Amino acid sequence: MLKAIGYFWELLKGGWITTRHFMTNMFHHTLRLFHIKTKRPGAVTYQYPEVKKPLAARHRSLHRLMTREDGKPRCVACMLCATVCPSECIVIEAAEDADPEIQKVPKSFTIDLNRCCFCGFCVEACPEDAIRMDTGVIDLARRSHDDLIFGLDKLLK
Amino acid sequence: MIKLFIDGAAVEVPEGTTVFKAAEQAGIALPHFCFHPAFAPEGTCRLCLVQIEGSPKLELSCSTVIREGMKVVTQSPAVGEARRGVLEFLLAEHPLDCPICDKAGECKLQDYSRDYGLTESAFREFKEKRDKKVAIGEKLLLDRERCIQCTRCVRFLAEVTKTHELGVFERGVRTEIGILDGVPVQNGYSGNLVDLCPVGAITDTDFRFKTRPWFLSRAESVCPHCGRGCNIYVDYHPGLPRVPGSAKVFRIRPRTNEAVNGPWICDVGRYGYVRAQNAGRSDRPFWNKDGAKTELGWDTAMAILGDKLRALVDAGRADRVAVAATSWLTNEELFLVKKIFRDDFGSGRIVLCDPRPGEGDDFLRRPDRTPNARGARELGFDPAPPALEALARGTEVLILFGPHIAEHFRPAELRAALDGIAVKVLVTPHLTGLEGLMDGVLASATPAEKDGSFTNFEGRVQPFAAAARPCPDVRSELEILAALAGSLGLRPDYYGRLTTAAAVRRELAKEIPFFGARA
Amino acid sequence: MTDIWVVLIKIVLALVWFFVLTLYLTWAERKESAVIQDRVGANRARILGMTVIGLFQPIADAIKMFFKEDFVPAFSRKALHTIAPFVSFFFVAITISAVPFGDDIRIGGKAISLQVFDANVGLLFVLAMLSLAIYGILISGWASNNRFALLGGMRGAAQLISYEVALGLSLVGLIMVFPSLRMSELVRAQGALLFGFLPKWGVFLQPLGFLVFFFAALAETKRVPFDMPEGESEIIGFFTEYGGLKWGLFMFTDFMEILIISTLLTSLYFGGWQVPWLGANGFSFPWGGAWHLAPWLVTVFQVAAFNVKVFFFCWLQILIRWTYPRFRYDQVMDLGWKLLVPLSLLNIVGTAVLLSL
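Residue numbers (my numbering), protein chains in the order written: chain A, 1 to 157; chain B, 1001 to 1519; chain C, 2001 to 2357.
These are calculated hints, taken from the structure and not from any lab test.
Please read all numbers here as calculations on a predicted model, not as lab measurements.
Glycine residues also receive a C-beta, built at the ideal position from the N, C-alpha and C atoms.
Keep in mind that a hint or two might mislead.
Over 10 Å on every C-beta distance to chain A, these chain B residues come out as not near it, computed from the model [as the list claims (entries may be wrong)]:
(1) N1187
(2) G1272
(3) H1430
(4) P1463
Short, incomplete list of chain A residues facing chain B, as computed with Cβ under 8 Å [as the list claims (entries may be wrong)]:
(5) L80
(6) T83
(7) P100
(8) Q103
The shape of chain A in the complex, shown without the other chains:
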């Protein structure tokens, strides 16, 4: 019996917590409904498609390929990213460049985002800082698998 009363006390405490949340949040919600600025919003959530949560500085989002000053890709097709990639989603074909200082350029650079696990190893492996994952693009859902295979054209944008 004593135990049951103890439980009852805890139940009341729990109820008090939710009531407190309800009351404070409702207070802010109501004031804001009448356009009165309050110190904090009633909800901590973001209204996602309209309001985007600021991404962390180190957040790994969609890849992009960096370019040199003249617009050519910085990538030299060393395939270190393809080597380190745990999902085996990067496929590179190299081509000869006319400039003997560059020599090797990617003929094709394909990331299969269906397989990509966004580990960021490719970024860390790149000796040329040619690939980065800082575009902030995280809404990557597509209607077909083929749309998620990104080639040079999409990655250089």
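For this one, chain A is given, so just place chains B and C on it according to the hints.
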């Protein structure tokens, strides 16, 4: 025998041995660039320095001959310091373009820099600019920035091929490797320079930028391009999931076998073979029906051929089968051809149809163009080109291995002779145009894709194992023959066992003394 | 003839009140849970670009459910499967007839009670109808041809019957204090004052009875923390094999039960439409003041008070649903039989002793 101590351990080696080789014998690998076992020591790279008791300075292990009771230290602070210094000097002029260097991953400079080198250079000045892309041969490109002047390439051309195309020009910091008067390196063995170069200074346009070495798997095989039977490595990409066509052979490298080819192979084997693996393949069986090409599954194709042969056997005309084998086949396959068609079918029309001999040289290349001419001879095949008349007359089923028959006869002649034969089947890894005359084509494996053995011109039986299969739908001739024997119900207790190359090789050794002596 | 029209109008008004509030109770549940959890809640349904804090959500839900497949599982008892949600719905919906919304009003010299059906056994009628709602649960579980649904239905029946006992016994004390089973009488009796200032509400006379009734009633609604019969998230419940509108009807019935429990709590323990110190002529405060009001204004006050109290209990039930975790089944049974039933018996004895003094 002379006794000396290397790192405290006693080693006994014959007189005249160098410290380097003695250490090697003691299981101690010393770093080196310029030394190569096939050449006389040069001593330009200064990396194999060791400490020898009683000697005031460090000595070059590659050119110092041992003395009785010599005490050698290969690992000490002084030695490490000296090697670090050497590497620092080399790297002061060596570009850091490993990402685009084909040698990266198997580069000695990379390896030693990791083992001994400093991560930071004291060198703050600009590196010297040099030519990065000099064509020195048909398939060779020289990058002078990467070159460390070990002169291995120069010595190879001077000592092995004795053609002297490359030389060392200028002096001091301007020292460079070059060709004389624009005459390119062209001697049939130029590909070896790529393997010899310890760094990525000489690269191969055939392999350049195609892939990276660490993606490649390595299979030991035997070169099928002449009777020498050079030992090779087949470097192939095992393939990426969901990337069709990514599994393929990328390059051929020599596999050292002092008795056959030493550490070298010729350019024909090196470059021809990669092409042979990947281009012009017949990748699945098909049947020419009413002039139209119909691709078939293996089961259907084999069933059709089996039915034709069974009809002959049932009619008591089994000897009306003609078979033109080729010494591109392995010993085991030739043995099965002989067993099935000569012994069981009783056919007298079993011939060998090889490509015409070409030119050889006085080093590795042999005039014959097939890997197993000697094996075929030992198995009782007549190496002389067959007479078309004898082959075609009265023949009802013709089975051709390899497309080489087209080399011996004019097309019209061939067509006229083959027209009289009811069923003509070609078993070939490559399509060369002959398939138009055939009723059926069975796609077979190249030597790199199958198990077996070749007998080289000296009578050396060299077994090898399968490497990658770029065409997933091909079968080796051994598989085809074993399946045929099975479907015809020939002596199941005998042929039932002979389904792998190893099993056939055991049987071969049992039945033919030549192979028995070499098993 | 006018009597029939009056009754018809009363029925329509009561049902409209009942259904509209139930519909918006789903909205309230979503919003309240969101606010408790620092979220915003449903706010996307929009008409002509307006969202109006998500008030169109119930309409969107209804449209969605209309267009869902009306699925009947294979080898189920199709007729029973179809009838079950209607059985539940009907027996809960009919209870609203016994609820008094306000004091009698006079129109054209004629007294009209703000209650659809003032039976002299009103309280028993409500209890009986709520008990019959069990059939809907049992039938749906039985007719689904799904053993898990059947088990869910059995759990539901066991739980509801267990708590019916405590529910009924807790009310005995109340009936002893206000010796009537007529709902209007019960409410009217709570208009008196205790010690001259305290409203004579059931909760003050029967605090223990109130607690027992409250917990038993919570269990009757089959919601968290007493959601053994459904257990949406983990254990499969009796309406597993329902979808679309039929499932919607079950959910609707659930929310109707919340509302019914709230009206019962209000009517039985919190004075129903009574406002403290408000008489037929207006307020007369215990400290001597008075505030004269027109009769229609008094009625407005009463109906408003009734609604406010009902809303409060709806809010409280939603708060409880979003605060506490689910009981284990043995705990549910322990609570019912070992705590609530003895307490209600104690309450009856105690009340009897106090009354006989």
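Each hint tested on the structure:
1. Non-interface status of N1187/B relative to chain A is upheld: no Cβ of that chain comes within 10 Å, the nearest being about 25 Å off.
2. Distance check on G1272/B: its Cβ is at least 23 Å (rounded) from any Cβ of chain A, clearing the 10 Å threshold; non-interface status holds.
3. Residue placement check: H1430/B keeps its beta carbon more than 10 Å from all beta carbons of chain A (closest about 25 Å).
4. Every CB of chain A is more than 10 Å from the CB of P1463/B (nearest about 33 Å), matching its label as outside the interface.
5. Satisfaction of the interface hint for L80/A is found here, the shortest Cβ-Cβ separation to chain B being roughly 7 Å, below the 8 Å cut-off.
6. With a cut of 8 Å, the hint placing T83/A at the interface with chain B holds, because the nearest CB-to-CB distance is about 7 Å.
7. For P100/A, the suggested interface contact is upheld, since its CB lies about 4 Å from the closest CB of chain B, less than 8 Å.
8. Taking 8 Å as the C-beta contact cut-off toward chain B, the hint placing Q103/A at the interface holds, the least distance being around 5 Å.
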